Amino acid sequence: MAEPAVPNAYGYLTPQEVRFLDAAVERLIPTDELGPGAKAAGVSCYIDRQLCSMWGTHGRNYRCGPWLDGTPEQGFQSRFTPQEIYRIGIHEINAYCRAKHDRYFEFLSGSEQDDVLRALEADQVALPSLSSKLFFDLLWRNTEEGYFADPMYGGNRDKVGWKLIGFPGVASGAYRDHIDNPQPYRVEPVSILDIELRQAQTDAQGFAKHVMLNKGGSKV
Amino acid sequence: MTTTRMKPVDAVIVGSGVVGSIMSMELANAGLKVLCLERGRMSDPQHDFVMPYVHDELRFDRHSDIFQNLSRETITFRNNASETALPMRELGSFKPGEIVGGTAAHWGCNARRFLPHDFEFRSRVSERYGRNAFPEDCTSQDWGVSYDELEPYYDQFEHIYGVGGKAGNLNGVIQPGGNPHEGARSREYPNPPTRRTPQGEIFAKAASELGYTPFQGPAAAMTQDYDNLYKLRLGQCQRGGFCSSHACSQGAKANPLTAVLPALYRKDNVEIRPLCNVIKVNTDSTGKQATGVTYIDARGRQVEQPADLVVLATYCFNNTRLLLLSGIGTPYDPLTARGVVGRNYSYQSGGRVHVFFDDREFNPFIGGGMVNTSIDDLNGDVIDRSGLGFVGGAYVAVASSGATPIKSKPVPEGTPRWGGEWKKAVAHNYRRTFAIGIHGSCQSYRQNYLDLDPTYRDANGLPLLRMTFDWHKNEQKMLAWVYQRCIEIARAMKPAKHAAHHIPTKYSIIPYQSTHNMGGAVMGADPATSVVNKYLQSWDVSNLFVVGGSAFPHNAAQGPTETIGMLACWAADGIKDVYLKHPGPMV
Numbered sequence: 001m002a003e004p005a006v007p008n009a010y011g012y013l014t015p016q017e018v019r020f021l022d023a024a025v026e027r028l029i030p031t032d033e034l035g036p037g038a039k040a041a042g043v044s045c046y047i048d049r050q051l052c053s054m055w056g057t058h059g060r061n062y063r064c065g066p067w068l069d070g071t072p073e074q075g076f077q078s079r080f081t082p083q084e085i086y087r088i089g090i091h092e093i094n095a096y097c098r099a100k101h102d103r104y105f106e107f108l109s110g111s112e113q114d115d116v117l118r119a120l121e122a123d124q125v126a127l128p129s130l131s132s133k134l135f136f137d138l139l140w141r142n143t144e145e146g147y148f149a150d151p152m153y154g155g156n157r158d159k160v161g162w163k164l165i166g167f168p169g170v171a172s173g174a175y176r177d178h179i180d181n182p183q184p185y186r187v188e189p190v191s192i193l194d195i196e197l198r199q200a201q202t203d204a205q206g207f208a209k210h211v212m213l214n215k216g217g218s219k220v
Numbered sequence: 001m002t003t004t005r006m007k008p009v010d011a012v013i014v015g016s017g018v019v020g021s022i023m024s025m026e027l028a029n030a031g032l033k034v035l036c037l038e039r040g041r042m043s044d045p046q047h048d049f050v051m052p053y054v055h056d057e058l059r060f061d062r063h064s065d066i067f068q069n070l071s072r073e074t075i076t077f078r079n080n081a082s083e084t085a086l087p088m089r090e091l092g093s094f095k096p097g098e099i100v101g102g103t104a105a106h107w108g109c110n111a112r113r114f115l116p117h118d119f120e121f122r123s124r125v126s127e128r129y130g131r132n133a134f135p136e137d138c139t140s141q142d143w144g145v146s147y148d149e150l151e152p153y154y155d156q157f158e159h160i161y162g163v164g165g166k167a168g169n170l171n172g173v174i175q176p177g178g179n180p181h182e183g184a185r186s187r188e189y190p191n192p193p194t195r196r197t198p199q200g201e202i203f204a205k206a207a208s209e210l211g212y213t214p215f216q217g218p219a220a221a222m223t224q225d226y227d228n229l230y231k232l233r234l235g236q237c238q239r240g241g242f243c244s245s246h247a248c249s250q251g252a253k254a255n256p257l258t259a260v261l262p263a264l265y266r267k268d269n270v271e272i273r274p275l276c277n278v279i280k281v282n283t284d285s286t287g288k289q290a291t292g293v294t295y296i297d298a299r300g301r302q303v304e305q306p307a308d309l310v311v312l313a314t315y316c317f318n319n320t321r322l323l324l325l326s327g328i329g330t331p332y333d334p335l336t337a338r339g340v341v342g343r344n345y346s347y348q349s350g351g352r353v354h355v356f357f358d359d360r361e362f363n364p365f366i367g368g369g370m371v372n373t374s375i376d377d378l379n380g381d382v383i384d385r386s387g388l389g390f391v392g393g394a395y396v397a398v399a400s401s402g403a404t405p406i407k408s409k410p411v412p413e414g415t416p417r418w419g420g421e422w423k424k425a426v427a428h429n430y431r432r433t434f435a436i437g438i439h440g441s442c443q444s445y446r447q448n449y450l451d452l453d454p455t456y457r458d459a460n461g462l463p464l465l466r467m468t469f470d471w472h473k474n475e476q477k478m479l480a481w482v483y484q485r486c487i488e489i490a491r492a493m494k495p496a497k498h499a500a501h502h503i504p505t506k507y508s509i510i511p512y513q514s515t516h517n518m519g520g521a522v523m524g525a526d527p528a529t530s531v532v533n534k535y536l537q538s539w540d541v542s543n544l545f546v547v548g549g550s551a552f553p554h555n556a557a558q559g560p561t562e563t564i565g566m567l568a569c570w571a572a573d574g575i576k577d578v579y580l581k582h583p584g585p586m587v
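One line per chain: the protein sequences are A and B, in this order.
As numbered in our numbering, residues 1 to 220 make up the first sequence, in order.
As numbered in our numbering, residues 1 to 587 make up the second sequence, in order.
Honestly, I wouldn't trust all of these hints.
As the list claims (entries may be wrong) - Listed next, the in silico DSSO-like pairs over lysine-lysine satisfying Cα-Cα at most 30 Å (straight line):
(1) K424/B / K163/A
(2) K581/B / K215/A
(3) K581/B / K288/B
(4) K205/B / K219/A
(5) K163/A / K581/B
(6) K215/A / K424/B
(7) K219/A / K407/B
(8) K39/A / K424/B
(9) K95/B / K215/A
(10) K133/A / K95/B
(11) K215/A / K288/B
(12) K407/B / K209/A
(13) K33/B / K407/B
(14) K424/B / K133/A
(15) K133/A / K407/B
(16) K163/A / K39/A
(17) K163/A / K407/B
(18) K33/B / K133/A
(19) K407/B / K39/A
(20) K576/B / K205/B
(21) K497/B / K215/A
(22) K424/B / K209/A
(23) K477/B / K424/B
(24) K163/A / K473/B
Claimed, not checked - FRET-style restraints, in silico, Cβ to Cβ:
(25) G65/A / S208/B: 36 to 42 Å
(26) G65/A / T3/B: 28 to 34 Å
(27) R301/B / D69/A: 34 to 40 Å
(28) E196/A / E304/B: 45 to 51 Å
(29) Q199/A / D225/B: 28 to 34 Å
(30) K576/B / E196/A: 47 to 53 Å
(31) D203/A / G387/B: 46 to 52 Å
Keep in mind the hints are simulated off the structure, nothing from the lab.
For clarity, every value in this text was computed on a predicted model and none was experimentally measured.
Beta carbons are placed, not taken as given, at the ideal position from N, Cα and C, and that holds for glycine.
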């Protein structure tokens, strides 16, 4: 799989944060016999780009005080932006890992990493500055997005997420006539990035021209 | 702040969504000089919403800039009056729009009429089951107008929005293939129904075996090229998915952008002024007559716009908030149950039963435009409710909305949330599953209401609207009963597994549920329990009309957009045929 042209061209994350995220997201969506995991899919790069976007500073969120914890039903009430949650969260989780295992998160064994992630998810790690569940939920949400969003956002490299589930990406104009057809529609997925790079063709209305696959997954 | 005063217009319409666009059109057709004010930006669909860039789940579903920008204005929320309401800091449960075209720019095209029963809910249920059929705190009420009066306006709206479907009741005669429980239609739908997907076929077969009557639910994504009532052409839907939450690149989704606004731009007696946020309806010294509105324009200037007629045509929240900010009508007080503005806030109940097959594969990404196979047998007053212990009901549907990969990958119960087992389950199930959706009614209650927040303010320094809302036992009982029926249907499909969502005991602002927020400025026959009369005219200020989801005294099962559009057509005719001839209270 192609590496990014400039491997360290991260806009917000530090190299140490990238190592943490590469290790964590690979536990969340691992490489296995079904295909590449989240690390190879570029999920850390996706997260970095999101953190550089308006979303990274919650530019469209309501951000006036007073800031109260509220009930679980009242939703996100942290005064931290996603940029701050990642920066502070990774630092404090690494401190937790060093206190417990004398190593940074990325140097723990896979099962130790899973234990840490499960503890974060269950809000059982008492981080000094934020809820460990808040960090985990954001990480998992962004990992899923990065693995399944269009590759133009830096993740889902080589469309691995779409190939995993059989999602064709940009729709074809042929769908209308296939809608009541029980035959599985299996194609090589087409991304917006493919179309921008002229690696996929479109019809006059801009819909993707799909290349059909047979059941084994090879092109027909 | 100095205020700029503009030249008077005949009518100022606040909002350019489903209601504002139709209102502007109909009043302009009557010869009025119309100004439509919209807080969102202008869009050019042929440049802003083009292929392949609209087929982008991240941009439209997660980070959309056609949804409300909460950094300037949001609501606060609490489950009950003993809690402190906190701001909805990010979008979740619902997604109001902020663009010329409004929330409907990204609606899902579900275009059902309410049942006749729904407009006379309180009377009809009381008549058949007794007054005690209602929970004690339930404030759902009759609308002050009947389905028969409104039918021509449903028909009008369907011919603006090109709704595709099959009539189930034509002038009282039940028709095969349609919804036999619907109110009588005066004529067929303007477009044919959607084609049935293989998933819909499995559902239809199972539902028929159990004695239900499946039909293709009506949808406002074109089933063929269509020239609408305003002489605009809408193209046939390609069923490419990326529909609800998304703008449409094909002009196939009927909404203000495709079905109304292009015709409005051609009229020289209408102006649409974007990026203008109305903050107040102004009244004269008597408080009985509106003199116009005050808004903040794109450059931040405060502007006074005089008008003979004011129509509030915004989302449920802002219609209610503008009345409260303007001091029009008595605010609702839940302690005394007196007052009307903010009363009867309701939402939409719902649920899902997922079915997972091992031996069948589908094409879940094909769809959109509300392609669906439905039953309406569990709704309204179709079945005898004696002994069930709840009021209301649900329609049930298998919809092919175009399953996008970030959010639409259900896995069977017991699957871990992440890791290798989750990955295997997602890979196995994405193409082998679909959901039976439950779309249920929501009654209004004494404790669920809207008022102004005492603490949090918007970017202009004005109080945010505060929502106090929780689910009540009636809706939980109703859902539990409908879930049982859906699980029976699911079993009849013989899937490998099925999984029912749990019924929430507390309402949460976090997960997306529906952009179906209703009430707060409800219509009715009695000024003690309604803000507007049957013509959507303010009881207090006769040249002010408040039209939209805010007018629903409670929410029916069917999805509100078609009824909101119908009310716009109905209110516009009332203004043209009655009000303009004899300005003053119409009731």
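Status of each hint after checking the structure:
no.: 1; hint: K424/B / K163/A; in the structure: holds, 13 Å
no.: 2; hint: K581/B / K215/A; in the structure: violated, 69 Å
no.: 3; hint: K581/B / K288/B; in the structure: holds, 19 Å
no.: 4; hint: K205/B / K219/A; in the structure: violated, 35 Å
no.: 5; hint: K163/A / K581/B; in the structure: violated, 64 Å
no.: 6; hint: K215/A / K424/B; in the structure: holds, 18 Å
no.: 7; hint: K219/A / K407/B; in the structure: holds, 28 Å
no.: 8; hint: K39/A / K424/B; in the structure: holds, 17 Å
no.: 9; hint: K95/B / K215/A; in the structure: violated, 39 Å
no.: 10; hint: K133/A / K95/B; in the structure: holds, 25 Å
no.: 11; hint: K215/A / K288/B; in the structure: violated, 72 Å
no.: 12; hint: K407/B / K209/A; in the structure: holds, 25 Å
no.: 13; hint: K33/B / K407/B; in the structure: violated, 45 Å
no.: 14; hint: K424/B / K133/A; in the structure: holds, 24 Å
no.: 15; hint: K133/A / K407/B; in the structure: holds, 20 Å
no.: 16; hint: K163/A / K39/A; in the structure: holds, 16 Å
no.: 17; hint: K163/A / K407/B; in the structure: holds, 16 Å
no.: 18; hint: K33/B / K133/A; in the structure: violated, 56 Å
no.: 19; hint: K407/B / K39/A; in the structure: holds, 20 Å
no.: 20; hint: K576/B / K205/B; in the structure: violated, 48 Å
no.: 21; hint: K497/B / K215/A; in the structure: holds, 24 Å
no.: 22; hint: K424/B / K209/A; in the structure: holds, 29 Å
no.: 23; hint: K477/B / K424/B; in the structure: violated, 36 Å
no.: 24; hint: K163/A / K473/B; in the structure: violated, 44 Å
no.: 25; hint: G65/A / S208/B: 36 to 42 Å; in the structure: violated, 57 Å
no.: 26; hint: G65/A / T3/B: 28 to 34 Å; in the structure: holds, 30 Å
no.: 27; hint: R301/B / D69/A: 34 to 40 Å; in the structure: holds, 39 Å
no.: 28; hint: E196/A / E304/B: 45 to 51 Å; in the structure: holds, 47 Å
no.: 29; hint: Q199/A / D225/B: 28 to 34 Å; in the structure: holds, 32 Å
no.: 30; hint: K576/B / E196/A: 47 to 53 Å; in the structure: holds, 50 Å
no.: 31; hint: D203/A / G387/B: 46 to 52 Å; in the structure: violated, 57 Å
Consistency note: the structure conflicts with the earlier hints numbered 2, 4, 5, 9, 11, 13, 18, 20, 23, 24, 25, 31.
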